[in-house]
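S.K.: Residues per chain are reported as follows:
Number of protein chains: 2
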Amino acid sequence: MKLADTRQDRPVMLAIAGDSAAGKTTLTDGLVEALGAHRITSLCVDDYHRYDREERKGLPFTALHPDCNYVTIMEQHLQLLATGQPILKPVYDHSTGLLGRPELIEPTEFVIVEGLLPLSTKLACACFDVTVYLDPPEEIRRDWKVKRDTSKRGYTPEAVLTEMDKREPESEAFIRPQRAAADIVVRFAPVPERDDPPSTPLSAELMLRPTIRHPDLTSVFSEVDSAAMHLKLLRDHDGRPVDALHVHGHAAREDSLVLEKAIWSAMKTDTEFPPSLGVLGDAARSDPLAITQLLLLYHLLDDRT
Amino acid sequence: MKLADTRQDRPVMLAIAGDSAAGKTTLTDGLVEALGAHRITSLCVDDYHRYDREERKGLPFTALHPDCNYVTIMEQHLQLLATGQPILKPVYDHSTGLLGRPELIEPTEFVIVEGLLPLSTKLACACFDVTVYLDPPEEIRRDWKVKRDTSKRGYTPEAVLTEMDKREPESEAFIRPQRAAADIVVRFAPVPERDDPPSTPLSAELMLRPTIRHPDLTSVFSEVDSAAMHLKLLRDHDGRPVDALHVHGHAAREDSLVLEKAIWSAMKTDTEFPPSLGVLGDAARSDPLAITQLLLLYHLLDDRT
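If you read the sequences in order, they're chains A and B. Quick note on numbering: the working numbering labels position 96 of the first sequence as 96, and the sequence is numbered without any gaps. Quick note on numbering: the working numbering labels position 267 of the second sequence as 1267, and the sequence is numbered without any gaps.
Isolated chain A, as found in the complex (with noise of 0.2 Å):
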């Protein structure tokens, strides 16, 4: 039937946005390897830069601006690769500063699109399934950067901050507003007023918006540590409300695995469950992070079926 065959060739296309280090590409990486190349395309945005990094220095804006960025391409783009096209994507070089040739991106079953402004249009919000932005605290964020951008993108740490406070007026006025588009907003962060061990991993704070369905957890909360695992209803700084899943850091492991294995059952799938969920860059675990990854799994299986 023609109809049932046009939207099986479509993707079920998930969005990550979130300021520069914020976390994207470690959640992203992790759905990768878990649903395999085969099955699932990954593309930044970021490469939609209009100018490359010599002609930005004459510019009276940063990368983060929607001027410096080719935001009606990418719309269209994404709409392209919604409805199951190829598209030709523009690339651009991070080490070298420089725009260079276009890569074709043909869509399989599962598009994730991450980036700076994946959702900064009303068009390139409709082209999403499902939608995330990455929410750290800012000192989080901080470290993040100057640790990525001094050992993979030959930055010394000043340069990392003075930049940081060159692009805040815009992170404030085009990255942040995007958390309003989000069906997820995910918080990686240090638990307040506790001690815990600088190895404890991030509890994480995951913003459930009734956008979309959620998978029903509530029979889990029974049975783990409520104070490091619950499930609260509050309303969310614009006052809409929200369910706010909290996976503390601190977690007993026996605990975290009930709620995985939870959502995982939640998805019916037979497959193994993936031994990439909670893998952070330096082979550390995060189970806050595999929990995550797990529900993002969960809305992408669940659109698919």
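Hints are computed from structural coordinates only; laboratory data are not their basis. Any given hint could be a false lead.
Below, in silico cross-link-like pairs of lysine-lysine (DSSO-like), each with a Cα-Cα straight-line distance of 27 Å or less [to be verified]:
(1) A:LYS89 to B:LYS1152
(2) B:LYS1089 to A:LYS57
(3) B:LYS1057 to B:LYS1089
(4) B:LYS1089 to A:LYS89
(5) A:LYS152 to A:LYS89
(6) A:LYS261 to A:LYS147
(7) B:LYS1089 to A:LYS122
(8) B:LYS1166 to B:LYS1152
(9) B:LYS1122 to B:LYS1089
(10) B:LYS1166 to B:LYS1147
(11) A:LYS268 to A:LYS232
(12) A:LYS89 to A:LYS57
(13) B:LYS1147 to A:LYS89
(14) A:LYS152 to A:LYS166
(15) A:LYS147 to A:LYS122
The hints should help you fit chain B onto chain A, whose structure is shown.
M.R.: Below, chain B without anything else, positioned relative to chain A:
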């Protein structure tokens, strides 16, 4: 009114297909200059090469082969332009043989798409209002190609001729079949069995297919020397009826002017006759070229109204 607006935002699309060095750029340049870059956008679909020059060396086909080009992306971009939308076009640099940073193309009132394969698929053809195929005799094209590729692209004459021989099976298989999809087939050639001085411009033979409405020129031909300029009903190679317009290179200037003015007045435009028409790359001028360009201008402006 919504419908009228939508139509108005769509450009008139003209395709100029033909083999390498068939005269596509010369024909295009006069039109772009006549209408002005603010009204007309031109692009070359040879930019959709999938591989750079170095990569092509290891491949069993040449740049003419559809597999050597992102044909699906070309089709997609032609559809976007035809519906008035911008594209981020790939860029192939003929001087270095490298693929580079893509460029934004925003359609204006008129879009000319020239290149090796703009009419190579049904979907691509459907994007155009007027389609042209340039069909010079092979010996003329060899001369043009050697001249251009040695002066502008740094090749030796031997290398150019070897490459042409290598490309011949793919010219046969993929380039020349596009002739069948053209509304107008243009052949610049010397008049056979005449001993014109070498400075005589090449004659133009324009096959005007009844697939689009051409201007009524019948009255013109009673006024001019019919040996130098005439319209003849004949059958094309493929047996289809066609009007063949011959403009000989030795035609008298005043006869050419009668025809030029007749086409110009059929356009009902109040602008000046554009001096860029008929200009050859080397500052020479050709009335047969001017008349060919005028006829294309007629079709562009006629489709606009």
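S.K.: For every hint, state whether the structure bears it out.
M.R.: Taking the hints in turn, this is what the structure says about them:
Straight-line distance between C-alpha atoms of LYS89 of chain A and LYS1152 of chain B comes to about 30 Å, which puts the hinted pair past the 27 Å bound. Between the alpha carbons of LYS1089 of chain B and LYS57 of chain A the distance comes to roughly 25 Å, so the proposed pair stays at or under 27 Å and holds. Restraint check for LYS1057 of chain B and LYS1089 of chain B: satisfied, since their Cα atoms lie roughly 24 Å apart, inside the 27 Å limit. Restraint check: the Cα-Cα separation between LYS1089 of chain B and LYS89 of chain A comes to about 10 Å, which is no more than 27 Å; the hinted pair holds.
A hinted pair counts as satisfied when its Cα atoms are at most 27 Å apart, and LYS152 of chain A with LYS89 of chain A qualifies at roughly 23 Å. Taking the CA atoms of LYS261 of chain A and LYS147 of chain A, the gap is about 33 Å. The hint is violated against a cut of 27 Å. Between LYS1089 of chain B and LYS122 of chain A, the direct Cα distance comes to roughly 25 Å. Compliance with the 27 Å bound is thereby established for this hinted pair. Distance restraint check for LYS1166 of chain B and LYS1152 of chain B: the Cα-Cα separation of roughly 21 Å lies within the 27 Å cut-off, and the hinted pair is therefore satisfied.
The hinted pair formed by LYS1122 of chain B and LYS1089 of chain B meets the criterion: a straight-line CA distance of about 21 Å does not exceed 27 Å. Restraint check for LYS1166 of chain B and LYS1147 of chain B: satisfied, since their Cα atoms lie roughly 18 Å apart, inside the 27 Å limit. Proposed proximity of LYS268 of chain A and LYS232 of chain A is supported: the alpha carbons are some 25 Å apart, at most 27 Å. A distance of roughly 24 Å separates the Cα atoms of LYS89 of chain A and LYS57 of chain A; the hinted pair therefore holds under the 27 Å criterion.
About 36 Å separates the Cα atoms of LYS1147 of chain B and LYS89 of chain A, which puts this hinted pair outside 27 Å; it is violated. Of the supplied pair hints, the one linking LYS152 of chain A and LYS166 of chain A holds, its CA atoms being roughly 21 Å apart against a limit of 27 Å. The hinted pair formed by LYS147 of chain A and LYS122 of chain A fails the criterion: a straight-line CA distance of about 33 Å is larger than 27 Å.
Hint check: violations occur at hints 1, 6, 13, 15; the rest are consistent with the structure.
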